[in-house]
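A.B. asks: The primary structure of each chain is shown beneath.
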Amino acid sequence: MSETLPPPKLVLLSLRLAPWLLAATLALGGVASLASLLFSPADWRQGETVRILYVHVSAAWMSLFCWLVLAGAGVAVLWRRCIFSAAVFEATAWAGFWFTALALITGSIWGRAIWGLWWAWDARLVSELILLFLYLGALSLPAALENRFAGIRAASILALVGLVHLPIIKFSVVWWISLHQTSSVFARGESRLPNEFFAPLLLMALTYLLLYGTLVCLRTPVAYQRFLATPLVALPSATALPPVAPPSAAADDGDNS
Amino acid sequence: MRRTSNREFLRGRLLSGKVLGGKLPRLGLFAWLGVGCFICGAGFLALILSKSLVFYVAPSEVVAGTARAGVVGGRAIRLGGLVVADSVKTTTDGVIFAVADLPSRSTSPTNRTTNLAVVAPSATTLTVRYAGVLPPLFAEGEEVIVEGRLEHKATQKIFIADSVFSRHDEEYRPVSRTTPRQSLYQKPYQTPEKQNP
Chain A
1 MSETLPPPKL VLLSLRLAPW LLAATLALGG VASLASLLFS PADWRQGETV
51 RILYVHVSAA WMSLFCWLVL AGAGVAVLWR RCIFSAAVFE ATAWAGFWFT
101 ALALITGSIW GRAIWGLWWA WDARLVSELI LLFLYLGALS LPAALENRFA
151 GIRAASILAL VGLVHLPIIK FSVVWWISLH QTSSVFARGE SRLPNEFFAP
201 LLLMALTYLL LYGTLVCLRT PVAYQRFLAT PLVALPSATA LPPVAPPSAA
251 ADDGDNS
Chain B
258 MRRTSNREFL RGRLLSGKVL GGKLPRLGLF AWLGVGCFIC GAGFLALILS
308 KSLVFYVAPS EVVAGTARAG VVGGRAIRLG GLVVADSVKT TTDGVIFAVA
358 DLPSRSTSPT NRTTNLAVVA PSATTLTVRY AGVLPPLFAE GEEVIVEGRL
408 EHKATQKIFI ADSVFSRHDE EYRPVSRTTP RQSLYQKPYQ TPEKQNP
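First to last, the protein sequences are chains A and B.
Residue 150 in my numbering sits at position 150 of the first sequence, with consecutive numbering throughout.
Here my numbering runs 257 ahead of the position in the second sequence, where the first position is 1.
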């Protein structure tokens with residue numbers, strides 16, 4: 001086997017970074033919340049409902065971003081058979097799943113308030129829902145296969161093929177006649193989102209990015225440990241493996257003490 | 258000896274990593290990727306070309322009878338357009354308003370801010386009758402989605418709506434910085450009755 005073990009320094013680094021990232025997330029999150037709730041003006045048509053924009057759009061951006069990271073980690077998993085990337089893959093899939101769910105839920109609430117609809121079979125809404133299912137697939141494939149690393153390899157192929165879906169989501173509102181509005185920030189010509197709205201959105205998006213970093217730094221070491229505990233060569237028996245081996249076994253395998 | 262079913266065989270292959278595990282040749286992997294991308298791309302192209310992903314049809318299409326998409330179920334159609342200026346009237350049968358085609362999606366952004374100005378007097382409009390609660394964003398010059406059916410009364414075509422929703426475009430503006438020109442067409446939300454004194 002040609003598995004290349006990355007230095008456990010990366011795992012230690014993510015553990016060391018986690019509290020700092022968490023603190024930064026909370027601090028920036030506080031500022032972003034104040035900006036969204038107090039600084040941001042009301043919209044001329046939507047009124048105070050416009051504040052959903054900050055949580056919704058940030059979550060939607062992150063849902064696309066996480067899939068990009070997923071594909072990047074997938075390349076490392078397939079090409080270098082990197083266990084650390086597999087752990088990052090798993091952590092990112094979880095984060096992406098929740099960001100997508102958050103985008104769908106907040107969008108639904110906004111849609112009820114503005115359109116008068118909780119849900120519509122609209123191109124943008126359906127393509128985002130498909131992304132949620134893709135995340136579910138990327139999460140469940142490793143769990144479905146007995147050999148966890150083989151599962152991650154399968155999920156990596158899904159992540160790479162799923163890249164095709166990202167432009168479909170992004171341009172669904174342009175290519176098809178949709179209920180969902182087109183992008184305000186990346187509109188042709190000038191931005192359709194004045195700075196009063198854009199500044200809190202930017203703060204919130206950065207908060208989400210930090211939150212993603214925190215989640216990855218917290219979860220990657222756990223996933224890494226589990227990959228080491230799982231034999232990389234598949235066992236012929238179908239018996240379930242213990243989820244986490246004793247620390248001594250992990251330390252022997254990965255020189256991670 | 259117990260006979261192995263296809264499913265068990267496949268499961269064994271999967272578990273031993275012979276399909277997606279360590280023994281997949283590099284070329285095979287890219288072939289997998291290629292096939293996946295091809296299927297996705299082909300399906301996606303088919304979707305674009307069929308133009309079946311249309312959430313609503315334009316009033317002119319409904320009037321001309323060329324609307325092939327947008328059928329919700331039975332005879333019901335989903336119609337989308339602009340509420341024409343000075344067309345909203347409240348009657349005992351419900352509210353009546355005219356819907357015109359949205360300005361073309363290819364028009365420049367500057368045209369899109371003055372939606373009402375884009376509706377030419379000669380433009381095809383469709384009269385809609387609706388007895389129900391209007392969505393909060395409903396106003397003249399705003400985009401509206403109407404679900405219902407077309408009825409012919411004598412020479413007139415009238416659209417009987419079962420439900421009315423709003424569509425929000427990508428234009429955001431602080432309440433304090435709403436320019437007078439736009440407020441002529443698109444007022445901040447008021448009840449529809451108050452907009453036509």
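Heads up, some of the hints might be wrong.
As the list claims (entries may be wrong) - Partial selection, computed: residues in chain A whose CB lies under 8 Å from chain B: (1) 19; (2) 140; (3) 182; (4) 183.
As the list claims (entries may be wrong) - If you anchor each label on the Cβ, the simulated ranges turn out as follows: (5) B:351 with A:175: 32 to 38 Å; (6) B:293 with A:222: 40 to 46 Å; (7) B:412 with A:101: 50 to 56 Å; (8) B:344 with A:143: 55 to 61 Å; (9) B:348 with A:68: 49 to 55 Å; (10) A:190 with B:300: 31 to 37 Å; (11) B:293 with A:190: 36 to 42 Å; (12) A:202 with B:408: 45 to 51 Å; (13) A:27 with B:301: 40 to 46 Å.
In case anyone wonders, no lab produced these hints; they're calculated from the structure.
Glycine included, every Cβ here is placed at the ideal spot set by N, Cα and C.
A.B. asks: Verify the interface restraint on residue 183 of chain A: the C-beta must sit less than 8 Å from at least one C-beta of chain B.
C.D. replies: holds (6 Å)
A.B. asks: Hint says 40 to 46 Å; check whether the CB-CB distance for residue 293 of chain B and residue 222 of chain A agrees.
C.D. replies: violated (30 Å)
A.B. asks: Given residue 19 of chain A as an interface hint, is the shortest Cβ-Cβ distance to chain B below 8 Å?
C.D. replies: violated (37 Å)
A.B. asks: Using the nearest Cβ pair, does residue 140 of chain A come within less than 8 Å of chain B?
C.D. replies: Cβ of residue 140 of chain A sits 14 Å from chain B, so the hint is violated.
A.B. asks: Given a hinted range of 55 to 61 Å, is it respected by the beta-carbon distance of residue 344 of chain B and residue 143 of chain A?
C.D. replies: holds (57 Å)
A.B. asks: Just to be sure I understand the hint, the distance between the Cβ atoms of residue 412 of chain B and residue 101 of chain A should be within 50 to 56 Å; is that true here?
C.D. replies: holds (52 Å)
A.B. asks: Can you tell me whether the CB distance of residue 190 of chain A to residue 300 of chain B sits inside 31 to 37 Å?
C.D. replies: Given range 31 to 37 Å: holds, Cβ gap about 36 Å.
A.B. asks: So the hint says 45 to 51 Å: do the beta-carbon atoms of residue 202 of chain A and residue 408 of chain B match that?
C.D. replies: holds (50 Å)
A.B. asks: Lying within 32 to 38 Å: is that true of the beta-carbon distance residue 351 of chain B to residue 175 of chain A?
C.D. replies: Between residue 351 of chain B and residue 175 of chain A, where Cβ atoms are some 35 Å apart, the hint holds.
A.B. asks: Holds or violated: is the Cβ of residue 182 of chain A closer than 8 Å to a Cβ in chain B?
C.D. replies: holds (5 Å)
A.B. asks: In this structure, is the beta-carbon distance linking residue 348 of chain B and residue 68 of chain A contained in 49 to 55 Å?
C.D. replies: holds (54 Å)
A.B. asks: With 36 to 42 Å as the target window, see if residue 293 of chain B and residue 190 of chain A comply at their CB atoms.
C.D. replies: holds (39 Å)
Comparing the model with each numbered hint stated earlier shows that hints 1, 2, 6 do not hold.
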